[in-house]
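Colleague: The sequence shown begins at -13 in this note's numbering and counts up one residue at a time.
Treat the hints with caution; some may be incorrect.
What the hints assert, rightly or not - Cross-link-like lysine to any residue pairs, in silico, SDA-like; alpha carbons within 25 Å at most:
hint : residue 1 : residue 2
1    : K20       : G127
2    : K25       : T128
3    : K169      : A78
Unchecked claim - The calculated label-pair distances, taken between Cβ atoms and stated as ranges, are:
hint : residue 1 : residue 2 : range
4    : V40       : E72       : 17 to 23 Å
5    : K169      : A45       : 14 to 20 Å
6    : K169      : P143      : 38 to 44 Å
Hints were generated in silico from the structure; no laboratory data involved. The beta-carbon is built from N, C-alpha and C at its ideal position, and this holds for glycine as well.
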Amino acid sequence: MATPVMAFAQLATDCEKDGLNPHNGERIAAEIAKAFAVKPDEVAILRLEKTNLVFVYPAKLHNVGSIPLNTSGSVAARTASAKRAEAINNFAQVRHASVFEAVELGAHKAEVIGLKPDGTPDKHQFMIQKLMSVPVMGLNGTAAGVIQVCRKGTSGPSSGADFTPADVQKLATIAGALSKIFK
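With the hints as extra help, turn the sequences into a complete structure.
Modeller: Encoded structure:
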């Protein structure tokens, strides 16, 4: 059986002809989701276009807007600018840009957890609780994009296990295997 790095390198080769388009972004995100046992809507793939990060996946976020590299409070912008991978296991408590979190992606919806005293449903939103963010490095040593994997839930404990340094290293290795299609 092929190692995960070899499998992602082969996926990059398969996608290279058409480049990092929405269809290929969806294929790649599905494989990354499997590698970390998360849902596809817990993966984000962003490509650097000039001085802005643009969502390739989820495609629904592509038209919402882009993230300028100088945006304070954006983990993705910080990842690309600093060229450093990180895990944030208390993400919901960290100040961050949340405009993209507000977009309904489909897999995670509000969860009804009971009834309020007035008899109406008590809903809790699934929010990003834990996040890994790694740069995708281009051939010239600059960032070409960012890959993020998160765990969503109504609270930190409900979202699953913390990301470990080994998880971050695994995602960084996957990003390296995929780098040739980030052009």
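Colleague: State for each hint whether it applies.
Modeller: Going through the hints against the structure:
This hinted pair does not check out: K20 and G127 have alpha carbons roughly 29 Å apart, beyond 25 Å. The hinted pair formed by K25 and T128 fails the criterion: a straight-line CA distance of about 29 Å is larger than 25 Å. Under the criterion of a C-alpha separation no larger than 25 Å, the hint pairing K169 with A78 is inconsistent with the structure, at around 32 Å. Remark: the range hint 17 to 23 Å for V40 to E72 is upheld by a beta-carbon distance near 21 Å.
Checked against the given bound of 14 to 20 Å, the beta carbons of K169 and A45, roughly 19 Å apart, stay inside it. Between K169 and P143, the C-beta spacing of about 40 Å keeps the proposed range 38 to 44 Å intact.
Hints 1, 2 and 3 from the list above are not met by this structure, while the remaining hints are.
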